[in-house]
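Each of the two chains sits in its own frame; use the hints to bring them together as a complex.
Taken in sequence, the protein lines are chains P and R. Counting with the numbering used here, you get residues 9 to 190 for the letters of the first sequence. Counting with the numbering used here, you get residues 11 to 244 for the letters of the second sequence.
No lab work stands behind these hints: they were computed from the structure. For every residue, glycine included, the Cβ atom is placed at its ideal position computed from N, Cα and C. Treat the hints with care, since some could be wrong.
Label-pair ranges, simulated between beta-carbon atoms [as the list claims (entries may be wrong)]:
#1 R/118 x P/73: 39 to 47 Å
#2 R/176 x P/152: 27 to 35 Å
#3 R/146 x P/61: 41 to 49 Å
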Amino acid sequence: MTVIGRSYSLVLGSFVLTVLAGFAFTGFAFTESAAHMRIPPSACQILSNARFTTDARIQGGGNKNDRPQISCPIVDTSLLSQGSFRRFNLHYFDNNDGQSTQAQPCVTFFSVFGGKCEGLFQANQDSFRGTGTLAYPEFRLWEENPFDFAFISVKLPGRDCSGGVFFGKTCGVSFFNGAFVF
Amino acid sequence: MARRLPILSSVLVGFLAGLAVLAVVQTHRDLVHDHRPDQPRSEAFLARSSETVFASGERPDGIQRSGKVERHMTSGQVSLWSPNSRVSGVSGSNTATTDGNQDGFASPLWNQHALEEDRRVKISRFEQRITTHSLEPVDLAWAPVVSRSIRSSLDFVAKQLGPEVGLGIVNVDCRTRTCLATLMFANYEAALESFASILTADYNVRCSTEIVFREPPAGREESGSEVLILDCPR
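Extracted from the complex, chain R is given alone in its bound form (with noise of 0.2 Å):
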């Protein structure tokens, strides 16, 4: 017995070895998991401070829902485009919500830091993809075909979405892998009324969609052109 006691404790210290060896694996994997490139990690969580809060219990996705933008707009709070403040969040200790508990309605994600540089990353990538795409050969083979199918499906979403929306396929303009159509509405409002629909329409082909609004002029609320960027990987 005296001789098996090192084997057995031997086999005890080596399964606790093992364990320990997992723990810092796992706790490593966890961590490069969480860690996006460039996504503004660091700076999100620290949103978890009250330094960011949503005002009188808005919903942070009750703007592309509301009838009118500036109609839930409380006073304090201003609009995505407005000079005044650039993103749709309130900060300062003077901003309180309805309960006037400030921690219940801070998002643990967003800050209003976080908020300006994923805009300006979404933006400027948009932009980016748009380029690409106009740099793209026409391959006569596959572009027209499907800019048709395209475009028959738009026109299919304009008669389901109805006069109010008032959606207009200025163009739809296919490359080798890229599809880009633009669209008109009746006004801004209508826009983000309906851009879900026209994301998530069948197009007959299988293609991720994008669209990010531009800013309307200030002061003015009809809809410039947008752009539908489809990416059709083949």
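With the rest of the complex left out, here is chain P (with noise of 0.2 Å):
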């Protein structure tokens, strides 16, 4: 081979390579950033047996037969849909073994009266106590209703006032942290 033709061969072959190289590289930064969107307590609606502390996380109360509810609704923008979001994670303080954190995707429709929520999960097992999070299984609900009124349902354990000492209370509280949706 001349030499000439080994030239265009190093060029030609350094240019595919870069090519490659660059895509690959640039690529899997792309792909790896999956976007999300936080979800603050103080977004969430109270529905029953709870309230915000000054810590700006939702407290808990109730008991075993009647559970702290909350509602929170999807916050999105036209560059992060609604209807881009399949997952979510929920964080949370579970101070009850005989209950767990449950969470649901849900959506209200506005085109006629209704709506649908996926099935109620929950991460744990009832006996759990301690920092939690609940990764709730890939889903398609709000990518079927995109303009639809999206939002998740949690349910928080009750108090468990079972008789022992929790964490220092005589009742165990659990805690609502946040919630990530992506």
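Dropping the structure here:
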């Protein structure tokens, strides 16, 4: 092979390799940066048996048969649409060894009265006590109803006054720290 | 150095070409991702024009929470089931909002046509699901157990909602995968106010829940029987 031929091969080879490397690198960077939205407790509505705390959490009350219930509407923008969210993680402190936090994604229809929810889900066993994360399995409800009004329905554990001392209190109370949708 | 110049320039051009290819791919993905089959996307985005305006500062979800539906309707705005208009928006250039800024209340997602089409699709799908349920065989090992659990949960919800809502459980019919609960309410208003509690109740089975309300006959407020569909993948 001539010197000129070798030079051309070198140039062509480095061009192709750089294209591939650049594509792989930038493509990886783009695909790995999944957009998310944070939902603080203050964005949620307390429906029953709970209150906002000074540290911006929601503290559950109620009891085993009358659990605290919260509803967190999904805020979206033209750049991060509701239909692009297929998962959510919910962060909480569970202080009841007889119940665990449960959640489900829902949508309120706008064009007709009614709505739809995916199944109620809980991540930990009822006996779990401590800081927990509920990672709801992938769903398409919001993608299938992108123009309706989405929310996450949350049920915290009720107060546990079964007789022990729980983190310095005679009744164990649970907290909702917030959620991420992505 | 002169010999390396072609290599360096090819590296630079190659990198730029890579970025260009990626930009094209990303744009294509965004377009595909935004497009949803069966959704009135083009019509919905057209609503950015001032064709549709929600009247007098009414929130799009305000209807459901209102104590009485008609109480919140301003002149020119009618309820969903009125024969004069089939959606709760108002259209036309004569409609003005309280601050006179029509664009401020125009939804970027909904317009009159998109609402009507979405409503038609939702009702049609809901009725199709009821038909599909009726064709399912009954799993004798599963259906009675789940029916009892759902009825028990609905009884609990009925107690929580109280006599004002007057939730009555007429029937719970489970088959192989789906269950259909026939419900009665004290009146249509009570049904609209309480359906979210029914959707989000704990049925002790992991089922999706859906309610689509049928329109009451014109001029009447009493609720007929309403249907809750539970889909329980196993």
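Here's how the hints hold up against the structure:
Our hint of 39 to 47 Å for residue 118 of chain R and residue 73 of chain P holds, since their Cβ atoms are close to 43 Å apart. Restraint check, residue 176 of chain R to residue 152 of chain P: a C-beta distance of roughly 32 Å satisfies the suggested window 27 to 35 Å. For the hinted restraint 41 to 49 Å between residue 146 of chain R and residue 61 of chain P, the CB-CB distance of approximately 47 Å keeps it satisfied.
In terms of the numbered hints stated before, the structure departs from none.
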